[in-house]
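Undergrad: Could you put the whole structure together from the sequences, leaning on the hints where they help?
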Amino acid sequence: MEWLESFDWLAALRAGVILLVGWALAKGGSLAAGRAARRYTAAQETMLVQRVVFYGVLALSVVTALQQMGFNLGVLLGAAGILTVAVGFASQTSASNLISGLFLIGERAFVVGDTIKVGNTTGEVLSIDLLSVKLRTPDNLFVRVPNETMIKAEITNLTRFPVRRLDLLLGVNYREDMAKVQRVLQEVAERNPLCLSEPAPLFIFTGFGDSAMNLQFSVWAVRENFLELRNSIQHEIKQAFDANGIDIPYPQRVIHLAEPVTVRPEGAGQGSVE
Amino acid sequence: MQRIQPWWGDFELAEGTAGCWAIGPARLWIAHQPREWRIGYVSGDEGHEERSEVALGLTPEQMPEQARLSRYSFESPSPRLSLLPLLADRPVISRPDVNLFIPPAQSIQLYVSTPLWLQVRTQGLLLQEQAVVRPSDTWSGPTTRPGGLAYAASTMARASLRDFPYSAWRAVTPLRITNRANDMAAVERLHLPVPFLSLYLAAEGTLWTQAVELSRSGDGVLELERLGSEAPVEAADSVLLAEPRRRADRGLLGKAFGTLFGGGGSDDGVA
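Chains as they are written, first to last, in our numbering: chain A, 5 to 278; chain B, 937 to 1207.
Warning: the hint list may mix true and false statements.
Taking beta-carbon pairs under 8 Å as the criterion, some of the chain A residues facing chain B (in silico) [unchecked claim]:
hint, residue
1, V147
2, L162
3, T163
4, L200
5, P203
6, F207
7, V226
8, F230
None of these hints come from the bench; they were simulated from the model. Positions of the beta carbon are idealized from the N, C-alpha and C atoms, including for glycine.
TA: Next up, the structure:
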């Protein structure tokens, strides 16, 4: 009861009002800062600016409110210091992710909307947050990759440059005339409107394989058309090879026997085949 | 005699009828069904450069099955529709038919063919726009980082109009390049920003853009000397068919045409 009588209700009310006003200011300030930053920064940096402003203003209002209620901030900060050490040990991973997040945002290796490949995961970047990067994979799964992993991993940004190269690895029969194969492939590339005329398609005779002459045919496409080209050109190459009698061989083995072997068909009494 | 019959203009298709426009190797089918327009497109094989035939009064059932079809629903469609030709929406890159060098203080004349697009409009609405024959994409920059998207012209630039392959789906741009530098200018490829050009129809039925004159200055930079404001002299008694897709002041035009020898900037040809 004594406690109730000594409690400064007016100060508590003032603190409440300060908290409310502080929250409103933080919300308004973060929105305004976001709007201003959007003009000059990428989406994830805007998000970061908004959060810093929001939590900064909110923290200031909490401190002011506590002061109004008569708390000794010095003691509170001292306690917070000890607590920080304890929490710091416990949340090493989070802190590491947080710092990695800041580096990721600063480095700008990718932005929200890019398609990236991290390890075995490929996906569109949904957001770059302080602790993790969120991806949406092509089969519509949500993947959260911790920033610490992102910093250490090799990241491939598939959408940084506007054009991409598609490398097709083919093998043709040893009977085929390589000049004819090259001409047929060039014609297929010329006919496909999604295949860029320049940079020109690249033809490399990569070597003599076990069963086929190996070659690489590389064509360029605008990245939006990459998948469509990948499907259409392989189909067209198959059709053109069939039309021109060019054979893509199966693995073959030629066996030379030291001594001739007699092969007798099943059920045949006579007439052996040598 | 008309070299190319016009496939563009205003047409009337009563309900329950269809029309077929054979333009070069492509065929465009339009059917007027109850409360809707159906537009089908069939891309054909190469050849038939000058073909331009319009057949009206067909039945919708005659539309080929392989046609790429789009449907447009209307409460009460008007039987009138118009087809308009226009130039490509990106720069077009073509190459001269033979390796071409311009010695100092010399000037050459080239004729470049660029593919046409078509628009189908009705009741003041644009229903569909597409290339008559889809040209190949190409990249205009010297490497794969700077530059922009362009279309590759399927024909070579020619130095004379003798035996010129006029086409129902390509327009010709007369291009004069003067070399005012002291060294030889090599013309390997021509990056023509057609979205800045107008389309004209000559009396004999051929399609043209205005003439472009460029000069190569001492430091190798190309400058736009003159961009015709009307049809070229080669296109006698011509009429304007389509305004340019993009308008620009002289500075921007100079920049766009300054990339004529390749190394063009962004998708619209402006560095």
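Undergrad: Compare the structure with each hint and give your call.
TA: Against the structure, the hints:
1. A hinted interface residue such as A:V147 counts as satisfied when its beta carbon comes closer than 8 Å to some beta carbon of chain B; here the least separation is about 29 Å, so the hint is violated.
2. Of the supplied interface hints, the one on A:L162 is violated, with its beta-carbon coming no nearer than about 14 Å to a beta-carbon of chain B, more than 8 Å.
3. The closest approach between the C-beta of A:T163 and any C-beta of chain B is roughly 14 Å, which is over the 8 Å cut-off, so the hint fails.
4. Using the Cβ-Cβ criterion of 8 Å, the hint placing A:L200 at the interface with chain B is satisfied: the shortest such distance is roughly 5 Å.
5. This hint holds: A:P203 has a C-beta 6 Å from the nearest C-beta of chain B, less than the 8 Å allowed.
6. A distance limit of 8 Å between C-beta atoms decides the matter here; for A:F207 the minimum to chain B is near 17 Å, and the interface restraint is violated.
7. Because the beta carbon of A:V226 sits about 6 Å from the nearest beta carbon in chain B, less than 8 Å, this interface hint is met.
8. At its closest, the beta carbon of A:F230 sits 12 Å from a beta carbon of chain B; the interface hint therefore is violated under the 8 Å criterion.
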